[in-house]
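S.K.: Let the hints inform the model, and build the full structure from the sequences given.
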Amino acid sequence: MAALRVRCRLFARYAEVVGREEVVLDLPADAVVADAIALLRRQVPRGDVLPERPLVAVNLAHVLHTERLRDGDELALLPPLAGG
Amino acid sequence: MAALRVRCRLFARYAEVVGREEVVLDLPADAVVADAIALLRRQVPRGDVLPERPLVAVNLAHVLHTERLRDGDELALLPPLAGG
Amino acid sequence: MPFALRDPIRVDALLAEVVAPERGGTALFLGTVRRGPDDGPVVRIEYSAYPEMLEAEFTRIVSEAHARWPEARVTARHRLGDVPLGEASIAIAAAAPHRGDAFDACRYVIEEAKQRLPVWKREVLADGATVWRDNAGGRVMGGVPPGGG
Amino acid sequence: MPFALRDPIRVDALLAEVVAPERGGTALFLGTVRRGPDDGPVVRIEYSAYPEMLEAEFTRIVSEAHARWPEARVTARHRLGDVPLGEASIAIAAAAPHRGDAFDACRYVIEEAKQRLPVWKREVLADGATVWRDNAGGRVMGGVPPGGG
Numbered sequence: 001m002a003a004l005r006v007r008c009r010l011f012a013r014y015a016e017v018v019g020r021e022e023v024v025l026d027l028p029a030d031a032v033v034a035d036a037i038a039l040l041r042r043q044v045p046r047g048d049v050l051p052e053r054p055l056v057a058v059n060l061a062h063v064l065h066t067e068r069l070r071d072g073d074e075l076a077l078l079p080p081l082a083g084g
Numbered sequence: 001m002a003a004l005r006v007r008c009r010l011f012a013r014y015a016e017v018v019g020r021e022e023v024v025l026d027l028p029a030d031a032v033v034a035d036a037i038a039l040l041r042r043q044v045p046r047g048d049v050l051p052e053r054p055l056v057a058v059n060l061a062h063v064l065h066t067e068r069l070r071d072g073d074e075l076a077l078l079p080p081l082a083g084g
Numbered sequence: 001m002p003f004a005l006r007d008p009i010r011v012d013a014l015l016a017e018v019v020a021p022e023r024g025g026t027a028l029f030l031g032t033v034r035r036g037p038d039d040g041p042v043v044r045i046e047y048s049a050y051p052e053m054l055e056a057e058f059t060r061i062v063s064e065a066h067a068r069w070p071e072a073r074v075t076a077r078h079r080l081g082d083v084p085l086g087e088a089s090i091a092i093a094a095a096a097p098h099r100g101d102a103f104d105a106c107r108y109v110i111e112e113a114k115q116r117l118p119v120w121k122r123e124v125l126a127d128g129a130t131v132w133r134d135n136a137g138g139r140v141m142g143g144v145p146p147g148g149g
Numbered sequence: 001m002p003f004a005l006r007d008p009i010r011v012d013a014l015l016a017e018v019v020a021p022e023r024g025g026t027a028l029f030l031g032t033v034r035r036g037p038d039d040g041p042v043v044r045i046e047y048s049a050y051p052e053m054l055e056a057e058f059t060r061i062v063s064e065a066h067a068r069w070p071e072a073r074v075t076a077r078h079r080l081g082d083v084p085l086g087e088a089s090i091a092i093a094a095a096a097p098h099r100g101d102a103f104d105a106c107r108y109v110i111e112e113a114k115q116r117l118p119v120w121k122r123e124v125l126a127d128g129a130t131v132w133r134d135n136a137g138g139r140v141m142g143g144v145p146p147g148g149g
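Chains as they are written, first to last, in the working numbering: chain R, 1 to 84; chain Z, 1 to 84; chain U, 1 to 149; chain E, 1 to 149.
Keep in mind the hints are simulated off the structure, nothing from the lab. Because the structure is a prediction, the values reported are computed rather than measured. One or more hints might be untrue.
Unchecked claim - SDA-like cross-link-like pairs, simulated, lysine to any residue; straight-line CA separation at most 20 Å:
| hint | chain 1 | residue 1 | chain 2 | residue 2 |
| --- | --- | --- | --- | --- |
| 1 | U | Lys114 | U | Gly137 |
| 2 | U | Lys114 | E | Gly100 |
| 3 | U | Lys114 | U | Ala136 |
| 4 | U | Lys114 | R | Ala61 |
| 5 | U | Lys114 | U | Leu85 |
| 6 | E | Lys114 | E | Asn135 |
| 7 | E | Lys114 | Z | Leu64 |
| 8 | E | Lys114 | Z | Leu60 |
| 9 | U | Lys114 | E | Lys114 |
| 10 | U | Lys114 | U | His98 |
| 11 | U | Lys114 | R | Phe11 |
| 12 | E | Lys114 | U | Glu52 |
| 13 | E | Lys114 | U | Gly81 |
| 14 | E | Lys114 | Z | Phe11 |
| 15 | U | Lys114 | E | Asp104 |
| 16 | U | Lys114 | U | Gly138 |
| 17 | U | Lys114 | R | Asp30 |
| 18 | U | Lys114 | R | Val63 |
| 19 | U | Lys114 | U | Leu80 |
| 20 | E | Lys114 | E | Arg60 |
| 21 | U | Lys114 | R | Leu60 |
| 22 | U | Lys114 | R | Pro45 |
| 23 | U | Lys114 | U | Glu52 |
| 24 | E | Lys114 | U | Pro97 |
| 25 | E | Lys114 | Z | Ala61 |
| 26 | E | Lys114 | Z | Leu55 |
| 27 | E | Lys114 | U | Glu22 |
| 28 | E | Lys114 | Z | Val23 |
| 29 | E | Lys114 | Z | Asp48 |
| 30 | E | Lys114 | Z | His62 |
| 31 | E | Lys114 | U | Pro21 |
| 32 | U | Lys114 | E | His98 |
| 33 | U | Lys114 | E | Pro97 |
| 34 | U | Lys114 | E | Glu22 |
| 35 | E | Lys114 | U | Arg10 |
| 36 | U | Lys114 | U | Pro97 |
| 37 | U | Lys114 | R | Leu55 |
| 38 | U | Lys114 | R | Val56 |
M.R.: As structure tokens, this is what we get:
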């Protein structure tokens, strides 16, 4: 049984590569960002083309891959930034 | 006999103090800026109210008081700057 | 007022938000769309974003600037969608009683914006091909973007 | 194009002179008229200049900036005559391929302009009295101005 559910959003080149802008991930209670990325890369077709350590945000803020996830979090994979 | 003639311009507060915007100064051939200032302060009514070492320009460029003058030069006494 | 907009950035309006008689110095930065270093003819450049995070991150950056330069007033905009070459994609205005603070606050915001704003840029070339660009002007390759792998 | 003008400074026109697709960063500085620190009500502020030297000195300063930052394009204006509170008396725009150069060139020009431009400022107060101000906001006294004696 999954202990937490995370909404994972994909943008720009990453959304293009996997052909999706959003994926729901079910994770164990002690999951960190790195676990979610690993699951995403296995679960989604062409997910393995995504980098293993992309830039990530949780709930609209940049975080490290060691950040703990909570049920209902919004995780985002951010391609190399080009703002400004 | 004067060896060189210099046109001396006064601006802003300095023009207000002496009531003139321009004074012609006749100076010896080896005169420097400091000599012109000294003459101006003696020659013009209320000239002694002008500072002894004002900011000065010759021919539209900032110079030191040791700068040699040449016949036909335009000397200017510049009150404390307030541009920008 | 949201930081993101789809129309041209109006510099006068941005300046009017920060300029005031008690703030004697105003610094403005404009980032202008330019060609990538190795491009053929670019017909247009599209900016996209993670919109909710763009607003949140810009708010944090401007708050940080206000904390560091309390007398400064800072505002900013990022344009999204198609931006023609030579037009501004980002604008930052900072006014302060002392001009050094205005320059420093403006510079802080653009440097942090470049590092942190979730915005992406795609060039559309004359032959219809598209190129994703990162912030250094490099191409973002397939699934292993430079710096992301 | 002369640096001095008597009408309001048009920021958009100034930016248009330097912004171009190959110069991705543009820094603008605006110096805005503000009250002196110890004033009563100021009804207007008058800027005057040594006009020929103002043009010559501005030309030298901009040339120095171009020599130090060869890829930068720099332009500037100084307003003379009556300038209402809150409006710009000086504007400097610098565009460059790299934003650091744009900021540095812009900052160079304003710092040198403050030190070197033959411009003077007189406040007209509500009672008709006038006060000459130096660049530090101090009053320029009778014949022995601060820094001049």
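S.K.: Taking the hints in turn, state whether each one holds.
M.R.: Status of the hints after comparison with the structure:
Under the criterion of a C-alpha separation no larger than 20 Å, the hint pairing U/Lys114 with U/Gly137 is consistent with the structure, at around 12 Å. A distance of roughly 13 Å separates the Cα atoms of U/Lys114 and E/Gly100; the hinted pair therefore holds under the 20 Å criterion. The hinted pair formed by U/Lys114 and U/Ala136 meets the criterion: a straight-line CA distance of about 10 Å does not exceed 20 Å. A distance of roughly 15 Å separates the Cα atoms of U/Lys114 and R/Ala61; the hinted pair therefore holds under the 20 Å criterion.
Annotation: proposed proximity of U/Lys114 to U/Leu85 holds, straight-line Cα distance about 19 Å (limit 20 Å). Taking the CA atoms of E/Lys114 and E/Asn135, the gap is near 7 Å; set against the 20 Å cutoff, the hint holds. Using a Cα cut-off of 20 Å, the hinted pair E/Lys114 and Z/Leu64 holds, with the two alpha carbons roughly 18 Å apart. Of the pairs offered as hints, the one joining E/Lys114 and Z/Leu60 holds, with about 17 Å between alpha carbons and a cut-off of 20 Å not exceeded.
Between U/Lys114 and E/Lys114 the alpha-carbon distance is near 31 Å, which puts this suggested pair outside the 20 Å criterion. Simply put, U/Lys114 and U/His98 have alpha-carbon atoms about 25 Å apart, too far for the 20 Å limit, and the pair is violated. As the CA atoms of U/Lys114 and R/Phe11 are separated by approximately 17 Å, the hinted pair is consistent with the 20 Å bound. With a C-alpha separation of about 43 Å, the suggested pairing of E/Lys114 with U/Glu52 is violated against the 20 Å cut-off.
Simply put, E/Lys114 and U/Gly81 have alpha-carbon atoms about 41 Å apart, too far for the 20 Å limit, and the pair is violated. Using a Cα cut-off of 20 Å, the hinted pair E/Lys114 and Z/Phe11 holds, with the two alpha carbons roughly 17 Å apart. Only pairs whose Cα atoms come within 20 Å are accepted, and U/Lys114 paired with E/Asp104 is accepted, the gap being roughly 18 Å. Restraint check: the Cα-Cα separation between U/Lys114 and U/Gly138 comes to about 14 Å, which is no more than 20 Å; the hinted pair holds.
Simply put, U/Lys114 and R/Asp30 have alpha-carbon atoms about 33 Å apart, too far for the 20 Å limit, and the pair is violated. Annotation: proposed proximity of U/Lys114 to R/Val63 holds, straight-line Cα distance about 17 Å (limit 20 Å). Distance restraint check for U/Lys114 and U/Leu80: the Cα-Cα separation of roughly 15 Å lies within the 20 Å cut-off, and the hinted pair is therefore satisfied. For the hint linking E/Lys114 to E/Arg60, the alpha-carbon distance of about 14 Å falls within 20 Å, and the restraint holds.
Note on U/Lys114 and R/Leu60: the hinted pairing holds, with a Cα-Cα distance of about 17 Å set against a maximum of 20 Å. Distance check on the hinted pair: U/Lys114 and R/Pro45 sit about 32 Å apart at the alpha-carbon level, beyond 20 Å; violated. For the suggested pair U/Lys114 and U/Glu52, the alpha carbons sit about 17 Å apart, so the restraint of at most 20 Å is met. Annotation: proposed proximity of E/Lys114 to U/Pro97 holds, straight-line Cα distance about 15 Å (limit 20 Å).
Distance restraint check for E/Lys114 and Z/Ala61: the Cα-Cα separation of roughly 15 Å lies within the 20 Å cut-off, and the hinted pair is therefore satisfied. About 14 Å separates the Cα atoms of E/Lys114 and Z/Leu55, which keeps this hinted pair within 20 Å; it holds. Our distance criterion of 20 Å between C-alpha atoms is met by E/Lys114 and U/Glu22, whose separation comes to about 19 Å. Proposed proximity of E/Lys114 and Z/Val23 is contradicted: the alpha carbons are some 27 Å apart, above 20 Å.
With a C-alpha separation of about 28 Å, the suggested pairing of E/Lys114 with Z/Asp48 is violated against the 20 Å cut-off. The straight-line distance between the Cα atoms of E/Lys114 and Z/His62 is roughly 14 Å, inside the 20 Å bound, and the hint therefore holds. Between E/Lys114 and U/Pro21 the CA atoms are separated by roughly 19 Å; this keeps the pair inside 20 Å, and the hint holds. For a cut-off of 20 Å, the pair hint linking U/Lys114 to E/His98 stands: about 13 Å separates their Cα positions.
For the hint linking U/Lys114 to E/Pro97, the alpha-carbon distance of about 15 Å falls within 20 Å, and the restraint holds. Taking the CA atoms of U/Lys114 and E/Glu22, the gap is about 19 Å. The hint holds against a cut of 20 Å. With a CA separation close to 28 Å, the supplied pair E/Lys114 and U/Arg10 exceeds the 20 Å bound. Taking the CA atoms of U/Lys114 and U/Pro97, the gap is about 26 Å. The hint is violated against a cut of 20 Å.
Restraint check for U/Lys114 and R/Leu55: satisfied, since their Cα atoms lie roughly 14 Å apart, inside the 20 Å limit. A hinted pair counts as satisfied when its Cα atoms are at most 20 Å apart, and U/Lys114 with R/Val56 qualifies at roughly 16 Å.
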